[in-house]
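Protein sequences appear in the order of chains A and B. Once you know that position 146 of the first sequence is 146 in the numbering used here, the rest is easy, because the numbers rise by one and skip nothing. One rule links them: number in the numbering used here = place in the second sequence (from 1) + 1000.
Just so you know, these hints were derived from the structure itself, not from any lab. Each hint should be verified, as a subset may be incorrect.
Listed next, the in silico SDA-like pairs over lysine to any residue satisfying Cα-Cα at most 20 Å (straight line) [stated by the list, open to error]:
#, chain 1, residue 1, chain 2, residue 2
1, B, Lys1077, A, Asp247
2, A, Lys243, B, Trp1075
3, B, Lys1077, A, Gly19
4, B, Lys1048, B, Gly1036
5, A, Lys126, A, Leu155
6, B, Lys1077, A, Leu26
7, A, Lys23, A, Ile152
8, B, Lys1077, A, Thr18
9, A, Lys166, A, Leu102
10, B, Lys1020, A, Ile246
11, B, Lys1077, A, Ser17
12, A, Lys166, A, Ala151
13, B, Lys1048, A, Glu273
14, B, Lys1077, A, Lys166
15, B, Lys1048, A, Tyr274
16, A, Lys166, A, Val116
Now for the letters of each chain:
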Amino acid sequence: MSSHAATIDHHHDSTTSTGIPNKKLLWWAFLASDCMFFGTLISTHLVYRLNPPPGNAIPTQVFNIELTSFSTFILLMSSLLMALAVNAIQRGNVRSTRTMLLGTMFFGCIFLGGQVYEFGHFVHMKHMTLSNSLFGSTFYTLTGTHGTHVAIGVLLLGMMYVRTFKPAAGGGLSMNFLHMLAVAVAAGVAFIVFVPGMIEIIYGAGIGEFLSSHAVPLSVGAAACIAMAWFARQSSTVEFGEKNAIDVEAVGLYWHFVDIVWIIIFTAVYLLEYL
Amino acid sequence: MSAPAATHTPTAVGHHEPSKFHIYIQIAMILAVITGVEVVLVYTPIVKWLVVTALVLLSAVKFMFVIFFFMHLRWDKMFCTILFFIGLVLAGGTMWALLHLFGADAGKPLSAVVGLLLF
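Sequences are here, hints too, so could you generate the full structure?
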């Protein structure tokens, strides 16, 4: 009983001059600077949309608003899972934290897969490339930069997930490295091959054709998933606990940030085109 | 998957801060509904300025819900809010300035045809 008597204050840190944990302060400062980065990218896109040059692509003929709305919903739900992961670790529930982190990564991969499908569809079916129209240039630069942020977020979540398995007794560095490799490969295959393939199947492509043409990457992804399950079955005591809540929260701040940026992009880049 | 934490276990729930589980679920539902309303709104045959205003307001509401609840600004020290809003105001100001600069006739970007003629 006495070992649990001291409650950790997750919002304040009396050891710093600001009363804010240094990691949290660092992330907020970074996110504030990232706001300006995306602000310039969004305004560049809007400036050229308000003054379109001749021969520009027509967005409503290119976009697939149903898919983008679904991606937006998925990203919002991933934010929910991330918030629940932080909530779980603040209550010392490592197992639930892992589940929520994996769920957030999975939803992030669905969002990225949707973007991979969308980009491929725009290039091959709608013939809108990075260089053949100004709309394409600003659109791919903006949404591609956001997608890169999401991909980095998935990687950070993967690193945090693997870290929850670090043994309390120390060591296990090579195992953690292999575990991280398995997570990265599984996530990569999920958003580059699996999710875009599933979307194509939903839109009428054949399952057999998809499986046969992507047999190698799908097998590698399946092997990575099996490896993840194997690494996750360890039962020794882990170092990770409530004291690491600030680390999960820091990754969570980044993840929520990519969500709020998408909230703006969805309205400014997609929805306003349909008016 | 069920490895226990070295220092704290899930059974010691009574000594942690209150769970925000239900708050998060409710906010996520509100966000999903707002997204649905946004999509429906663009197909609604009403005045354009009203739709644009509604979309901007709804996006702002979603934005605020995420930063104040999911990102914990509501429970953190005010300095975090100030720090983030410095970046946000600078970004918003930059966007406003650029859109107004290039919105003016003299400031419009050269079209591809004019650009080719000049060079």
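Check each numbered hint against the structure and report the violated ones by number, ascending. 5, 12, 14, 16
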